[in-house]
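*Asks:* What follows is the residue order along each chain.
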Amino acid sequence: MDKAFAFKGTINPFKIVNHPIDTIESLKEKKNGSIFSATIILALFTISEIILDVMKGFIQNTSRIQDFNVIMVLARSLFMVLLFVVANWALCTLLDGEGRMIDIYVSICYCLIPLVVARIVETVASNILTADEYVFVDMIVLCLNLWFVCLALFALKTIHNYSLGRTIFNVIITLIGMAIIFFIIFLFVVLMQQLYIFIATIVTELMMR
Amino acid sequence: MKKSLKTILLSLLIVIMSVTMAAPALAYIPYNTYNYNYYGETVGSPSGYVPEKVYLAEDLGISSIHSPTDIYVSPDEEIYFLDLGGDNARGRMCIFDKDFKLIREFKKLKDIDGSDYYMNNPSGVTVDKDGYIYLCDTDNRALLKLTKDGQIVMKYEQPGDDVFDESYTYQPFKVVIGINGAAYVISKGCLDGILEFDVEGNFVRFFGAPKVQLSVGDYLLMYWRKIFRAFGGSDVDENFVTFVPTEFENVDIDEHGFIFSTVIASESSVDEVSKLNFTGSNVLSPTTKSTKKISDSLSRNYGDLETLGKDNDNNFVDIVVDDDGFFSVLDSKLSKIFEYDAEGNLVFVYGGAGQQAGTMIQGSAMAKLGTKTLITDKIGCSITVYRLSDYGQYLHDAVVLYNKGLYSDAEPLWREVLRYNANSDIAHVGIGKVYYMNGQYKEAMNEFKLANDRENYSRSYELYRKDYIRSNFGLFMTVILILIILIVLWRFFGKKIINSIKGKKEGGVQ
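Protein chains in written order, with our numbering: chain V, 1 to 209; chain E, 1001 to 1510.
Any given hint could be a false lead.
Capping the alpha-carbon separation at 30 Å, the derived lysine-lysine pairs in DSS-like fashion look like this [stated by the list, open to error]:
1) LYS1496(E) to LYS15(V)
2) LYS56(V) to LYS1466(E)
3) LYS56(V) to LYS1449(E)
4) LYS1053(E) to LYS1101(E)
Which residues of chain E face chain V? A few of them, derived with a C-beta cut under 8 Å, are [as the list claims (entries may be wrong)]:
5) GLU1455
6) TYR1457
7) TYR1461
8) GLU1462
For the record, the hints were derived by calculation from the structure and aren't laboratory data. Where a beta carbon is used, it is the ideal one built from N, C-alpha and C, also for glycine.
All chains should be built: construct the whole structure from the sequences, respecting the hints.
*Replies:* Structure, rendered in structure tokens:
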């Protein structure tokens, strides 16, 4: 059985924090990542996004709890990651990328660890610090976000065996691809709605007669 | 029998109720009063101003009113009222005392050489501290300086040739007098700003030209036009919009010499309400302090927020600042008055479109007589007087004390305000400040949270946190010490422990 499908990975995902290059290379060479731990990290990321929205301290939080919409949070965290994975896989398959979808998924999810940390730091700090002190937290969060970008770029570069320029080009194309996929989904939903209305009308018509 | 008795009793009850209910109908207020919360949503509030009396021509002792254009209350509480004065007349000025008793009515004035002078659509009047009247005689294209007897002392005529384009006609429209005696004049259709004249009537400068805000699309259009012109295209294509600054609509001046102005709203106007210092820059925040900026693309936050983005611009025809620093704007589209405190917080909204006492068909000018508000109705040809209600009086007095820094004096008044209106944000801030000063930071935080005032909340939280850590110092130090000891122990013995566990495991397997 392929190791990437193994239920339990042999590599510690948190190693990506202090040994990013080694970890990602071993993910590619030894295929010792696991979908299970990747999914857990993705879940943690989603939960940390929700927690940030709900529990952010009053000083930093200008939105109200009654305006909170969990679907919007899912759309901008979980959905975006999955969409990126699918779009990147679809495009890189065509553009000489070596990675399989599972490789992309696992490594992108491993790279989310700094973002999870950033969200938790933000949630805790916004409840403890005053407005003036919070500037430093903003800096830390910015650094962590940038680190995520670097990790993700490096992961994609390694997995697809691209040069750095090619990777950046591919990421931009992937973002466009995400927009197109999103548009198609939107179109599909609207079409389904029309179809639903059409069928509902026929059913009502038949029932009334 | 029983049924008929019931019917009789019921009808009797209805009669009694209708009689007793009819009495307070006089105090009926024909408009909604509200305030905006931090999120720009409308929250109902008690009415701060209630209509007191509506004056028609016969109540004022003058012949019929025709298109009132301005109303002004002088420092010695005389009311100056401008209208066209009858169907064929072109202008009239009336002076009333503070009880609306006619003092003088001017249908014509005396020119400098002693001959009769007839006004032609006068639309702005003000009085300086020496008692001279300044009158904008719009269609005669002059600003007149008069004595109280109607004798013209001086005329501020059109400034010299190099000031305006040839095509432009000077039409003074509104005027205020600065503390140094300079006259600040708005001329109809003038896009360069407010005209400043010195005491001798010489033109000094343009002042505080309204800014234009261009969108990205506008910039692109401008560049496209440049390219178009470079290739010999004509400039008169009707698709080309011109980007010109907006005109000023009205001005007022406060006791410190700040000029409050409104502009005619358009798509590209910013600073629809501004407070200009003597260099002509706006010192008023573009957004009201108490509401979150709703959208970056919409610059306005004064006036009606409900119609924001619905293609309904404000039309602030008048702005008045009173002695306590409150300023009010009159929106002639809605015939509503929005009153703000010196900080720019919305305090009262009153008035409305309609024909009942307290509403106007089209409000055209506004003045403050003490705390009373006088509004002229251009089409209804009347003057409506509003007075502060009990709630309004408490709120007004509290804000005055608060802005003077007398927080604890204002506290009982804020409590009264909250008794009427628990949603009043500024009342919560006022009480919060008192708690803050008394060192009750927890209570202060609660009040600031209710008012959505994050700045003050953060300030009192900082001190609350300090107190909290100080009173629980022992606990904090214990926790920190234990943590340090644990870390040190782990450093020294951690590896040994792990190795011993691993060794046991391996041993077990073997």
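*Asks:* Does each hint hold? Answer for all of them.
*Replies:* Against the structure, the hints:
As the CA atoms of LYS1496(E) and LYS15(V) are separated by approximately 22 Å, the hinted pair is consistent with the 30 Å bound. Of the supplied pair hints, the one linking LYS56(V) and LYS1466(E) holds, its CA atoms being roughly 21 Å apart against a limit of 30 Å. Restraint check: the Cα-Cα separation between LYS56(V) and LYS1449(E) comes to about 14 Å, which is no more than 30 Å; the hinted pair holds. Restraint check: the Cα-Cα separation between LYS1053(E) and LYS1101(E) comes to about 14 Å, which is no more than 30 Å; the hinted pair holds.
With 8 Å as the threshold, the beta carbon of GLU1455(E) comes within range of chain V, its nearest partner Cβ sitting at about 7 Å, so the hint holds. Interface restraint check for TYR1457(E): the shortest CB-CB distance to chain V comes to about 6 Å, inside 8 Å, so the restraint holds. For TYR1461(E), the interface hint holds, the least distance from its beta-carbon to any beta-carbon of chain V being 6 Å, beneath 8 Å. Because the beta carbon of GLU1462(E) sits about 5 Å from the nearest beta carbon in chain V, less than 8 Å, this interface hint is met.
Taken one by one, the earlier hints all hold for this structure without exception.
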